[in-house]
Amino acid sequence: MLEVSNLTKCYNGRPVLEDVCCCVSPGQSMVVAGPNGCGKSTFLRLVAGLARPTAGEIRWELDGQVLAKGEVADHLGFVSPELGLYDHLTAREHLSFFADLWGLEQSRVDELLNFVQLAQYETLVGQYSSGMRQRVKLACALVHNPEILILDEPCSNLDQEGIVLVDRIIQQQLARGLVLLATNDAGEVARYKEVLLSLDEKAAGTD
Amino acid sequence: MRRLLALIKKDLTDEFRTRYAINSLLLFAVIALVMVSFATGMAGLSASLHAALLWIILFFSAMSGMGRSFAKEQEKNTAPALRLAAPPEIIFWGKLCFNTILMLALAVLVLLMYIFLLNPSIGNLPLLVLLVLLGSVCLAGASTILAAIVSMAANQGTLLPILSLPVLLPFFLVVINATQTAFQGAGFSQAAGSLLFLVSYAVVIITVSLLLFRHVWQD
Amino acid sequence: MLWKIMLGIYILIVTVAAFVYAPGAAGLGDLSRIIYFHVPLAWVGVLAYLVSMLNSIRYLKKPDRDFDFRAVFNAEVGLVFTILATVTGAIFARHTWGVYWNWDPRQTSIFILMLIYAAYFVLRSSISEEENRARLSAVYCIFAFISVPLLVFIIPRLYTTLHPDPIISSSGLEMNGQMLQVFFAALLGFTGIYAWIYSLQIRLYKISQRWEGQ
Amino acid sequence: MMSDLYIVLTVCMISWLGIFFYLLRLDRRIARWEKKVK
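In the order they appear, the protein sequences are chains A, B, C and D. Quick note, the first sequence lines up with residues 1 to 207 if you use this note's numbering. Quick note, the second sequence lines up with residues 1 to 219 if you use this note's numbering. Quick note, the third sequence lines up with residues 1 to 214 if you use this note's numbering. Quick note, the fourth sequence lines up with residues 1 to 38 if you use this note's numbering.
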């Protein structure tokens, strides 16, 4: 489970997030919503441990054990438009690279390629459409079966089939752990908001 | 170990498909060599001049290519995924190995072309080769963490040589001096002190880099 | 306030003593008097760098803007003192060796110290985000420090130097008791100036912090 | 030769006094600011 208390992040002295508190239990999905520039992505980056908070605390707990800062990444899958791919590798090479980094078998690669319906493509990722790239990102985040899944605008660029895929991923994930989702799509918000974190009361994008 | 190999394999595959670093390194080295060769003509250069020229060419061509691997991760936004998937030490070793491989390949080629184009008289070839290879490792070792720093800053092109020079200068003083004696035909026993210095320099610089890298490798 | 005025008078006395009380060194004559200023300047330059490096380490351990500020202004102070030491050294070199600059190992060492400071500021100016700037420049400050001990201790042993060894007389500069007294008095005095500048900067920083708070 | 020495000495003393009074003035000004900020 995730407990966030009084989380604040400043860039060059200007606050992007101020005093955010929330709590998510295992099996729950949380939706982070709010207008552009309200700090959704920053919030997810902080929670994932990719950026350091200016103040406040983030506490991850898994099976009753508190995760140390360095351990969080081992249990976490992260998908975000801010994340890039290697243009000159194929989808298969991406997955086997991450599988190697996590020390997993290559069978996992085929499994995932089939799951995101990319098995038949052997071209370089640089030539993919943005929807296919999004699928590669999803697959890369799922390689090590993380208990925590953080999705930043997961359905952007995806076709109907892809959106169904994301829904399946989220449902599977909820059986195993928890999901944090940042989105502005009203349908998705309604569908997944077991916990809703609204960041819109503070208009941070003032300048 | 498997993670390390995966990282190196990924970087090498990427490099072979784009050939960005290889091309810029090689072209830079060739241009520098040809210019030196034109400028000096057939005039017989002294051993000290040969040593200095060789290392100047190696330094600047290294600087033009070393920074790429980190800069690319940063530009293409692939760094965060790496941060999540592997501890910083592994990333550092991976990049270090990749840079070392690149640098060794470059050093061998530059040395061959240097001998071919400028025809220096070489007293002790094995020692010369050893010095160049050992020196390449030192160059790669020092510039890896600096390349990571530079990848997060603006005006990347000029920053890497500026940052590396102060760190590398003690190394250059020693290696140029030793290379000169190698051209003149000194034995291994004479160069033992310098070789020892180079090895310990590489060890110290890589150890310190390992300690500091976790602070560089975060956003 | 009292110790500051005393420091002023103290340095004045040391200056007079350097020119009048201490005899000129054998062989070098009156020119040797420059060491009472040159060596302390270089000493403060190195000391400031050391303090800057230590504050960089503290910053990495605990990211507090205070430490970053200390590291920066120590680098600034160090740069000024290092440039002054280089200039005074070049004057000395001109009169004893005939040229201002000849890449003597000692000159190379101080030159590299200047390069590190310069590179440090170039790096800072090219990172816009405050936290990143503080962290990365702290890493560079520590990393570049490796070459300082290497240069100061190892290189002069590999190469013959013309630079007079400051205290142990091996290459021409014999110091007698009076000279040593003035020499150490000058070292103390310049360290005092450094401490003064240090405290001024810290106070100035605290004022600006409180100003922002209001 | 002797007079040269005194010229250099005078220059050194004057420049030190300049730096000294500059620092002293800065010190006083900072002290004033400190009072104001409190």
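If you are wondering where the hints come from, they were derived from the structure by calculation, not from laboratory data. For clarity, every value in this text was computed on a predicted model and none was experimentally measured. Any given hint might turn out to be false.
Mimicking EDC-like on lysine to aspartate or glutamate, the simulated pairs with C-alpha atoms at most 20 Å apart in a straight line are [claimed, not checked]: (1) C:K62 / A:E122; (2) B:K9 / A:E122; (3) A:K193 / A:E122.
If we take Cβ atoms under 8 Å as the criterion, some of the chain A residues that face chain B in the derived model are [as the list claims (entries may be wrong)]: (4) L50; (5) E82; (6) L101.
Simulated restraints on C-beta separations [to be verified]: (7) A:N12 / D:D4: 25 to 35 Å; (8) D:K38 / B:L210: 38 to 48 Å; (9) A:E111 / C:P149: 23 to 33 Å.
Backbone N, C-alpha and C fix where the C-beta goes; we use that ideal spot for every residue, glycine too.
Among the hints numbered above, which are violated by the structure, and what are their numbers in rising order? 1, 3, 7, 9
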